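Visitor: The chain contents come next:
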Amino acid sequence: MTMGRTTMGKILWNLRFTAKMIHMLVKMKLTRMMAFRLSFFGGFFADGAFFVTQVLAFQAIYGHADEIGGWGRGQTLIFVGTFSMLNGINMLVYFFGVIRIPRLIREGGLDVYITKPGSALLRLTFESVDPGCAPLLPLSAGIIAYGARVAGIHVTPGLAAGYVALTLLMALLYYDMEVILRTLPFFFIGASAVERIEGEALTLNFRIPGVFYKGAFKVIFMFILPYGVMATTPARMLTRTLEPSGLIHALAVVVVFTWFALWFWRFGLRHYKSAGG
Amino acid sequence: MSDNHSPVVHTRALTKTYRRFDKQPGLMGGVKSLFNRKYIYRTAVSSFDLDIAPGEFVGLIGPNGAGKTTLVKMLTGIIAPTSGEISVLGFIPNKLEDGLKRRCAVVMGQKSQLFFELTAEDTFRLFQSLYSIPEAEYRRSLDMFVEMFGVGHLTRAQVRTLSLGERMKMELIAALLHNPGVLFLDEPTIGLDAVAQRQTRQFLQDVNRERGTTILLTSHYMEDILKLCPRVVLINDGRKRFDGPTDRLFESYKAGMDEDIGSVVERIYSDNPDSSGNSSNSGNQGNLGNSDNSSNLGNPDDSGNSGNSGNPYNQDNPYNPEGGRLP
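Just so you know, the protein sequences line up as chains A and B, in that order.
Note that the numbering used here has the first sequence beginning at 1, numbered continuously upward.
Note that the numbering used here has the second sequence beginning at 1, numbered continuously upward.
Here chain B stands alone, though its shape is the one from the complex:
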């Protein structure tokens, strides 16, 4: 459906409005609501424009309730937008066409796709059938991912006996077995210890580099974004506040160049005191997750972005018309 030059992800004026029942407190409020129900309308994502090129690794950050997960759910077809344009690999996600499902993958840190009573390999086999993966290709991919994560001894253990970190590794392997063109990750490192976070990051970086998989990552951990994503999109109150090079966002934040952006970044930290992704840095907002040298902030080379040289973000990127400018 999409050629090599088309954006993998394309949205224009994408909007999602939720309707919520406005319940008055107490018994009388409940009785009243039986006959006269009032609703509140809340816009979770508002007029959102986004283009992501093939092979890009883009971070999506924002405070709690900013609209990150809603955006990812619209991109994966889980929920329908209220208005606006949306396409992923040339498909309209909410049509729930198999053509798209076979070419994309989603991992949600808080929702497991594994069968807890079975081994991870049992789930992998189910996915092999679901995605019609030929045996040789399945075996090659599985061997590669198992080696990358060093989890050969765990694929035949019951999932319920695995640690959170081990389970997330299996989730990622399950999601990537069919070699998707685009991978949506919603908080994949949430709750993981520092070692598992580091391994997950390295894995994602390798997958992006070696397989050219386009990745959209939402995370509360700034270190995830700093180390993995050359490009970051900042969202707050459903609106895009920044779209550009990750280092530029954090330089701007550090220099206090933009109060609006600064306050949003501060809110991300205050929502997650441990958002550095490094427990020893908890609450150390100025350090932004780099315990070795805070002056390394946003430097793509030092933060591990150099590994993405195959698809580096640059300001001429046609998929980022704003060129990294702060709005």
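Chain A on its own, in the form it takes in the complex:
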């Protein structure tokens, strides 16, 4: 009983510490951004422009067809909005922190993270949040809402909550993939080709719903590099076309990849060579 209470106390202390750390890191990042006015205001402009480019690209692909592979215009819009939402969460919260990992490994910069209390990965994840990407979230929500209207979907609170939860889980999967690929430089210094593969896979999968894949492509993008699951699964949930097996598959993928990403990171840390004097 006492031991259980001690363990619970430790968990609560860790949760409080983690929340405090995230709060502090976000505050620090905002302060850093505000030190440079052009950078601070420029971020909103740059990320807004990126969003518009994305929307135009989707418009060019899907704007001239009523249906692609059984997906109607409304369903496709929800898929596009979901992709945009995942991309927005990624850019807002962790992208700019996680992409620094390979350089920190190669140049020995991880030393100052490893020797401080708390998780080095947590600190890296939240150290470079980019509030300039925040407008992507309401804009994406607008596309999703419009898609739901076009598709004639009546969104109940339960459906909306399920969609939000699933989208957050897919953002976690997106994060897992980024971490896994950027942990490779612990073992292979020249892993930039893998990052290029990631870029190409993302471009493909955030334009084509995963349900379209057959054969080897299906195995690759639904199980090995599960980018095909990310935007497709929440979109299918909102359009009420997600089967239980699809939901179980998506949840299993998130659990397995999250476990693997954390294990792989810790394994990598034990093989860190710390370049430089």
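It is worth saying that the hints were derived from the structure and are not from the lab.
Quantities reported herein were computed from a predicted structural model and do not represent experimental measurements.
One or more hints might be untrue.
[Unchecked claim] Short derived list, chain A residues pointing at chain B, Cβ under 10 Å:
1. 17
2. 28
3. 31
4. 32
5. 33
6. 109
7. 110
8. 111
9. 123
10. 131
11. 270
Positions of the beta carbon are idealized from the N, C-alpha and C atoms, including for glycine.
Fit chain B to the given chain A structure using the hints.
Guide: For chain B alone, coordinates are given in the frame of chain A:
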């Protein structure tokens, strides 16, 4: 984890071997390496035994590539040893446990832990959160260190606008805010001017004396070692060559008592012609960094070691089983 009598740092037969890709020169060498890759194994630290008692101030010296930084990185958990025993404050460093991280600190002269776009105080605040330092304790420590260094006017300046010496002072303050039991310093005075070096030395001496912080210092500047460390460990080719009183090492060097040790010390000087830490003494190897009186070499009192009377090195020190003997 460790009691007052246990060594703060303990290693036995500690070894670190690196594997390096042996690339043949030229394009053909590159093509061959794609299919038949050869590796070279280099032992950076070999069968290293070391014990450091609580409150000691120990210098670690050696020529470039001797294994000093590798040893410090193993002690701080940054890299894992290949074999051997290692513990710091009773923890195995490479397990990267928070229990150890909260009780030790590391300052690397060539790697900054400060945010350059922010003020030093912003980083101090982050560290307050990281180490869960209560506000009153944080304020007390910060005020004390700021006064010791006389840098009250600099804590709210952007770090990128500070000089190298000022930045190093902030690095040291950041490292010590949580009152660590052990401090690892890797070349903290590298590149600093004579005044900043002197201030840094005085600061470290005060911290060691007043807070009882155990310090392991690696430095290319002999004056750092002479003025701060009653005990010195000499490392070369990954092996320990001397472990004992600093004055004895330099007396031995001066008297030419041990050719092996002498050649290693000569190499340290030849690696760093300015290793005296005093620009006016550059290249003056015989002076060993004391511009006033070369005969003061290795005299603990004259070199400023008297300040360490709280934890003087002595030959009965159980943490130095070799008793300062040359191997």
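Visitor: Would the hint on residue 28/A stand, with a C-beta cut-off of 10 Å toward chain B?
Guide: holds (6 Å)
Visitor: Does the CB of residue 109/A sit less than 10 Å away from some CB of chain B?
Guide: At 7 Å from the nearest chain B Cβ, residue 109/A passes the 10 Å test, so the hint holds.
Visitor: With 10 Å as the cut and Cβ atoms as the points, is residue 131/A at the interface with chain B?
Guide: Check failed: Cβ of residue 131/A comes no nearer than 16 Å to chain B, outside 10 Å.
Visitor: Can we keep the residue 123/A interface hint, with Cβ of chain B closer than 10 Å?
Guide: holds (8 Å)
Visitor: Does the closest beta carbon of chain B sit nearer than 10 Å to the beta carbon of residue 17/A?
Guide: The hint holds - residue 17/A has a Cβ within 10 Å of chain B, the shortest such distance being about 7 Å.
Visitor: Does the closest beta carbon of chain B sit nearer than 10 Å to the beta carbon of residue 111/A?
Guide: Since the shortest Cβ distance to chain B is 5 Å, the answer is holds.
Visitor: Given a cut of 10 Å on the nearest C-beta pair, is the interface hint for residue 31/A held or broken against chain B?
Guide: holds (6 Å)
Visitor: Does residue 33/A pass the interface hint, meaning its C-beta sits closer than 10 Å to a C-beta of chain B?
Guide: holds (9 Å)
Visitor: Verify the interface restraint on residue 110/A: the C-beta must sit less than 10 Å from at least one C-beta of chain B.
Guide: Interface hint status for residue 110/A: holds (8 Å vs cutoff 10 Å).
Visitor: Any CB of chain B closer than 10 Å to the CB of residue 270/A?
Guide: holds (6 Å)
Visitor: Hold the hint about residue 32/A up to the distance rule: shortest CB distance to chain B must be less than 10 Å.
Guide: holds (5 Å)
In the structure shown, a violation is registered for the earlier hint numbered 10 alone.
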